[in-house]
Structure formats: structure tokens, C-alpha cells
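Trainee: Quick mapping for you: the protein sequence lines, in order, are chains X and W. Here UniProt numbering is used: position 112 in the first sequence is 112, and no number is missing along the way. Here UniProt numbering is used: position 65 in the second sequence is 65, and no number is missing along the way.
Hints are computed from structural coordinates only; laboratory data are not their basis. Just to be clear, a hint being listed does not mean it is correct.
Quick list of simulated restraints, FRET-style, between CB atoms [claimed, not checked]:
id, chain 1, residue 1, chain 2, residue 2, range
1, W, N284, X, K13, 46 to 56 Å
2, X, G332, W, M1, 57 to 67 Å
3, X, G332, W, G332, 27 to 37 Å
4, W, Q274, X, E196, 41 to 51 Å
With a cut-off of at most 35 Å between alpha-carbon atoms, the simulated DSBU-like pairs for lysine-lysine come out as follows [said to hold, decoys possible]:
id, chain 1, residue 1, chain 2, residue 2
5, X, K282, X, K3
6, X, K329, W, K329
7, X, K282, X, K13
8, W, K13, X, K264
9, W, K282, W, K141
10, W, K264, X, K264
11, W, K282, X, K264
12, W, K264, X, K13
13, W, K3, W, K57
14, W, K264, X, K282
15, X, K54, X, K137
Nothing here was measured: the structure is a model prediction, and the numbers come from that model. Backbone N, C-alpha and C fix where the C-beta goes; we use that ideal spot for every residue, glycine too.
Protein chains: 2
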Amino acid sequence: MEKLKWGIVSSGKICHDFVNALNDPSGPAAAGNTVVAVAARQLDRAKTFAENHKIPKFYGSYEELAKDGNVEVVYIGNTTGQHYDVCKMMLEAGKHILCEKSLTTSISLTKELFELAASKKLFLMEAVWSNFFPTYKELKKLISAGHVGEVTRLEASFGIRISGVLRLTSKELGGGASFDLGIYVINIARLVFGGEQPEEVIARGGLYPSGADSDWDVILVFSGGRRAVLKCSSKFELDNTARVTGTEGCIEIPDPFHCPTSFKSSLGHEFTIQLPNQAEHKYNFVNSEGLAYECAAVSEAIRAGKLQCEEYTTEDCLYNTRLVEEINKQIGV
Amino acid sequence: MEKLKWGIVSSGKICHDFVNALNDPSGPAAAGNTVVAVAARQLDRAKTFAENHKIPKFYGSYEELAKDGNVEVVYIGNTTGQHYDVCKMMLEAGKHILCEKSLTTSISLTKELFELAASKKLFLMEAVWSNFFPTYKELKKLISAGHVGEVTRLEASFGIRISGVLRLTSKELGGGASFDLGIYVINIARLVFGGEQPEEVIARGGLYPSGADSDWDVILVFSGGRRAVLKCSSKFELDNTARVTGTEGCIEIPDPFHCPTSFKSSLGHEFTIQLPNQAEHKYNFVNSEGLAYECAAVSEAIRAGKLQCEEYTTEDCLYNTRLVEEINKQIGV
Numbered sequence: 001m002e003k004l005k006w007g008i009v010s011s012g013k014i015c016h017d018f019v020n021a022l023n024d025p026s027g028p029a030a031a032g033n034t035v036v037a038v039a040a041r042q043l044d045r046a047k048t049f050a051e052n053h054k055i056p057k058f059y060g061s062y063e064e065l066a067k068d069g070n071v072e073v074v075y076i077g078n079t080t081g082q083h084y085d086v087c088k089m090m091l092e093a094g095k096h097i098l099c100e101k102s103l104t105t106s107i108s109l110t111k112e113l114f115e116l117a118a119s120k121k122l123f124l125m126e127a128v129w130s131n132f133f134p135t136y137k138e139l140k141k142l143i144s145a146g147h148v149g150e151v152t153r154l155e156a157s158f159g160i161r162i163s164g165v166l167r168l169t170s171k172e173l174g175g176g177a178s179f180d181l182g183i184y185v186i187n188i189a190r191l192v193f194g195g196e197q198p199e200e201v202i203a204r205g206g207l208y209p210s211g212a213d214s215d216w217d218v219i220l221v222f223s224g225g226r227r228a229v230l231k232c233s234s235k236f237e238l239d240n241t242a243r244v245t246g247t248e249g250c251i252e253i254p255d256p257f258h259c260p261t262s263f264k265s266s267l268g269h270e271f272t273i274q275l276p277n278q279a280e281h282k283y284n285f286v287n288s289e290g291l292a293y294e295c296a297a298v299s300e301a302i303r304a305g306k307l308q309c310e311e312y313t314t315e316d317c318l319y320n321t322r323l324v325e326e327i328n329k330q331i332g333v
Numbered sequence: 001m002e003k004l005k006w007g008i009v010s011s012g013k014i015c016h017d018f019v020n021a022l023n024d025p026s027g028p029a030a031a032g033n034t035v036v037a038v039a040a041r042q043l044d045r046a047k048t049f050a051e052n053h054k055i056p057k058f059y060g061s062y063e064e065l066a067k068d069g070n071v072e073v074v075y076i077g078n079t080t081g082q083h084y085d086v087c088k089m090m091l092e093a094g095k096h097i098l099c100e101k102s103l104t105t106s107i108s109l110t111k112e113l114f115e116l117a118a119s120k121k122l123f124l125m126e127a128v129w130s131n132f133f134p135t136y137k138e139l140k141k142l143i144s145a146g147h148v149g150e151v152t153r154l155e156a157s158f159g160i161r162i163s164g165v166l167r168l169t170s171k172e173l174g175g176g177a178s179f180d181l182g183i184y185v186i187n188i189a190r191l192v193f194g195g196e197q198p199e200e201v202i203a204r205g206g207l208y209p210s211g212a213d214s215d216w217d218v219i220l221v222f223s224g225g226r227r228a229v230l231k232c233s234s235k236f237e238l239d240n241t242a243r244v245t246g247t248e249g250c251i252e253i254p255d256p257f258h259c260p261t262s263f264k265s266s267l268g269h270e271f272t273i274q275l276p277n278q279a280e281h282k283y284n285f286v287n288s289e290g291l292a293y294e295c296a297a298v299s300e301a302i303r304a305g306k307l308q309c310e311e312y313t314t315e316d317c318l319y320n321t322r323l324v325e326e327i328n329k330q331i332g333v
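Extracted from the complex, chain X is given alone in its bound form (with noise of 0.2 Å):
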């Protein structure tokens, strides 16, 4: 099989995760996978990213990895406010894309990306890599399966005190809690309920002075009065774990919820995965490891011809902005 070949965009702490996941021979990924080039605003920086990783191609622009023949698809892994023109721009060159989340900063731009990929045939997704964990799989598994009965009711929540950090207070950067970590506690919400639509979205929140916003508390309401209750944070710690109730019983997914090795439910049922670990670098994340499964299933999907995962839709993206959407404007982002 001939490796699927990358460029990545970025040189940031979770470009470096990413490749490192994709190159780790225990993993998913190596044996399909190889990353061809990778660029950077500055060129040192890319430099070095490239002898880190023993990249043969190094760019200081993403244009010329844009016009990089070689690269087949790429990984996008600036902030959040570049997505958009950096998405258009590869897709333009005919790349396939794999962006970070959150992809755009609004639902019409999400839309309009989708069009363009569409248009051209390109894969095109937003890397919600908790879909790809062997534990998501299995809880949605089980989910589905009616292990806990009648799903009625979801807590999640993730937060960590990360306000120092530009890339999440600054608007025009793209920062906001939303966008870094408040689409996972949406996205488990989408799993858990089944992809269907809250009949009510009740949000309350803070911004910083950029008018990012900060923390935010949500009650969704599905049908027949089942709730959802979720939180996130870039100001406090929270517990960011979830837990799923059901007629029968409840599943509790530790943290971090959002890329978990094990979980289990009030049933006696347990689940637990061991993560790759021959990584040559250090990870900068908890449980970047997992990338990997996330790459793999990218690139098979790629390979089949496919413009989406079916781990994680464009569908399920456009639900998930559309709802930070709704969240973002209720609290006065």
C-alpha cells in the first residue's frame, strides 16, 4: 500500500502531536501515512520542525505547501481564525483536509467550506478526533445497543485554566471557550442523544475583554424533557468528565472525557484500550497518542474515495458549529 502523503500546517504544539501519532509505529497510522512537508509563518520554525520529525520538505508559507504537488492531503493546525482562508486556499490547490476544530468561526463560513469541498471532490473534515477513540466507539456501541435503557439524560463538562493562552482570549485569533472546548462537550451530546436537535438551547456565560467568550454553563433540552447539562471553561478548572444516564443505569467517562482509554457503567460493564506508545517524541497533550486513530481513519477514507469519516460526518460538524452558533450569540459573543 502506498502511504497517503501529508503536509502539515503549523508547527505548533498540536502539529507535533499529530505527526508524532501518525509516525509511531505501534500505531494505526504508520503503515498508510507519511508526512511529506510542513509549513510555517516563520521559516526557522519550520525548519526545525522538519529535522524534529525528519521531514524531507519545509516551507515558510502555506502557500508553497499549498503548491506542493507532492502533498495529497493536509493536516491544519493553526488557530482557529486562519482556518477558513488557509481551508479555502488548500482546497483551491486540490488538498484534502483534515482542520483542526474548531474548523470556521460561524456556521455560513463551516457551510461554505463544505460547498467548495464538495464541489471539487475533496475531503474535507474537522478534527474532532474523540469519535476515532476505540472507547467512543464502543460507548456509542453500547449507547445504541439500549445498555443503560432510554437514554434520558447527559453531564459533561471540560475546563482547564488556560486564559494565559492568546490563541483562546483573543477574538481575532478565533479564541473562545467554545471553539477550543466547549464543541466537545456538544459533540458527546450529538453521540449520546442520538444527532437529535434540542428542542431548547439555554445558555449562560462570561467573555473575556476581547469578547471571546471565557466559561459557559448549557441546559439542552431534548424530547420528552431529557436534558443535557454541559460546561466548559478556559478560565477554571472543571472535572471534564461525562457521564450518561439512562432508564436502566448511568456510564461514567472519566476524565478527560473528550479522549478517554476507559470508561464504565453502573451496569458492570467496562471498557478500557491501551493507547500506542512508541512514539520517538513526547507528547504535548494528555492522550495525543490517540491521533493516530483519527489519522488512520482519514486516511482510509481518503483512500475509499470518501469526502467524509463516518466517525465524525459533516453533518455532525455542521450541528455541532451550529450550536456553538446559538451558544456563542446567547451569551453575547
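Since the structure of chain X is already known, use the hints to place chain W on it.
Mentor: Leaving out everything else, chain W in the frame of chain X:
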């Protein structure tokens, strides 16, 4: 010191625990308190209870207990729906009262009872025992001293699967998750936010077929956008913890947060107590040993001629009742 003479209304589980804690020789209540009579609506139940707890008098009606001139204070532990009538009867008979929560099912009835008690110079308190735990006192002190900085957030939940218990689901018996469980999460919100009134109360919840509330989620918004997220349920388990977040760190109060023996803060403060434990009988409910703290404080207040305890004042009770009423209104009780 002459012992304060208690009469017990009802022979149910909580009354068993209360008398047990009162009599525990290792606890703070035994030295100053004694139980002289018990009344139940069935004479044989009162008799059995009296025999078990070595209580000299037992009655087959509450009226007889009211007429017992030897009884100085009554502990009322029957169902919420009966509280108003029994409290009125006891106040008119000149008894001080410690009545289980919820004191009544509405703010107007609660106010009426407090006015009656005040006019007769009698002590009347809703038995929110949490605040008498040394753990809650230390928690309050720590928060007031600014240990976690300015408090910006509270999360608290109390949910247990007890929908099979008639007293919870019957509206006639004064049932409802709010009255039984919700009051605890509201009570800690008052403590944490220093008694401040929330600027906004947002409640979404469910009802039993009887019309009593089964579960709810509430967001309280305080000045400056500070928030409390409260959950309660008699239908399903919640995590039954509380977390107070401030600008400098957070305090975690473990399950069962409403009667905790310990807590710890992210800033390194840990607090633990040992409950009294030489009672003659087994307790029905978790940490019921701690009822002795409440009993001791009540008898001390009565001896000092006070009409309320500073740990849980009339104003605390009115605040909590007002919020329960607002929540119930919003969810359609």
C-alpha cells in the same frame, strides 16, 4: 445542667436516626438532651420505637404529644405534607420545634409558621442539618476568608434513585425532589454566595404523574455573571458532590456533600472530622451520626432563649424556600 426534654413526632427512619444520634454518649447532644416521649399515628409503632430507644412515654396521636406538659421541644420527622398542621399544633401547645425539611410546601405557609412562633416566643427551625457539621462551618469560614479568592462558581448535585419511595413521588405527602434533595443544593448556594440573591433563576425539570417534581437542572446567575449550576433528582444517581470555584482555586466537597466529613481545596487545605460513633443502634442514612451536631446546637439556642440558630436562620430558610418555590413554578409543579 438539666437536660432539654424532647418529644418525637413520627417513628420513621429519620426519627430513629435522630434519637440515636441524640443519645450517642460520644456525641455532643447526649449531655444536654433527653427524649421523653414519642408519637406515631399507630400506637404499636410508637410503642416499638419507645421500647427500642428506652423512651418513657409513647402516644398513638400527635395531639397527645402536644398535650404532654413534660415535652419542651419536638422533633418533627414525618412527611413534608403534614408539617404545617403539626407545627401549628405544637406551637399552639407552646412547644419549641425542630422540623425536618422542607418545613412546608410554600413560602407563605413557612412565613406563617415563623410569625406564629415569633409571636409565642418559641424556637422554630427547619432541620437543614448540613450547616451544623464542623465541615460546613470550616467551609464557610474558609470561603469568607477568601481562601479560593472571590467565589465565581458553584456546582452541586444531589441525586439518588428513590422514585419507589411514596413520600418522594406523592404530591399529597408533600413529595418532590425539590423538597427532599433540592433544598440541599440550594442551601449550599446560599452559603457559598454569602446569602446574595441570584439575579436570575433558570430551571428545567421533570414531573412524576402525580405532579411532584422528579428531577431538575438549575442555573443561578449572581452579580457579575457568577453562577451556580445545581442538579437534583429522585429518579437517578448524580455524583452528589459540590465544587466551589474561586479566582484562586477550588474546594471539592465529596459525596455526600450535604453531610460531609471532609473536603479539600486545590490550594492544599484539607479538613476531616471523625463522627461520633458509640450509638446503640445502627443508622438508616449516611452520616446520620452528624444529626447530633444539629441537636446540640438547637438545645443550646433554646436554653439561651433564642428563637433561631445562627447556623441556619429563619432568613436562610426563607431564602431556600423562596428558591424552591421559584424552581417548582418554572418546571410546572
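Trainee: Run every hint past the structure and note whether it holds.
Mentor: Here is how each hint holds up against the structure:
1. N284/W to K13/X: 46 to 56 Å: Hint holds: Cβ distance 53 Å, inside 46 to 56 Å.
2. G332/X to M1/W: 57 to 67 Å: holds, 60 Å
3. G332/X to G332/W: 27 to 37 Å: holds, 29 Å
4. Q274/W to E196/X: 41 to 51 Å: holds, 49 Å
5. K282/X to K3/X: Given that 35 Å is the threshold and the Cα spacing comes to 24 Å, the pair holds.
6. K329/X to K329/W: holds, 27 Å
7. K282/X to K13/X: Distance of about 11 Å is within 35 Å: holds.
8. K13/W to K264/X: It holds: about 33 Å lies between the C-alpha atoms, which stays within 35 Å.
9. K282/W to K141/W: Holds: K282/W and K141/W sit about 32 Å apart, inside 35 Å.
10. K264/W to K264/X: The hint holds at about 26 Å.
11. K282/W to K264/X: holds, 32 Å
12. K264/W to K13/X: The given pair, whose Cα atoms are some 33 Å apart, holds under the 35 Å limit.
13. K3/W to K57/W: holds, 16 Å
14. K264/W to K282/X: holds, 32 Å
15. K54/X to K137/X: holds, 33 Å
Of the numbered hints stated above, none is contradicted by the structure.
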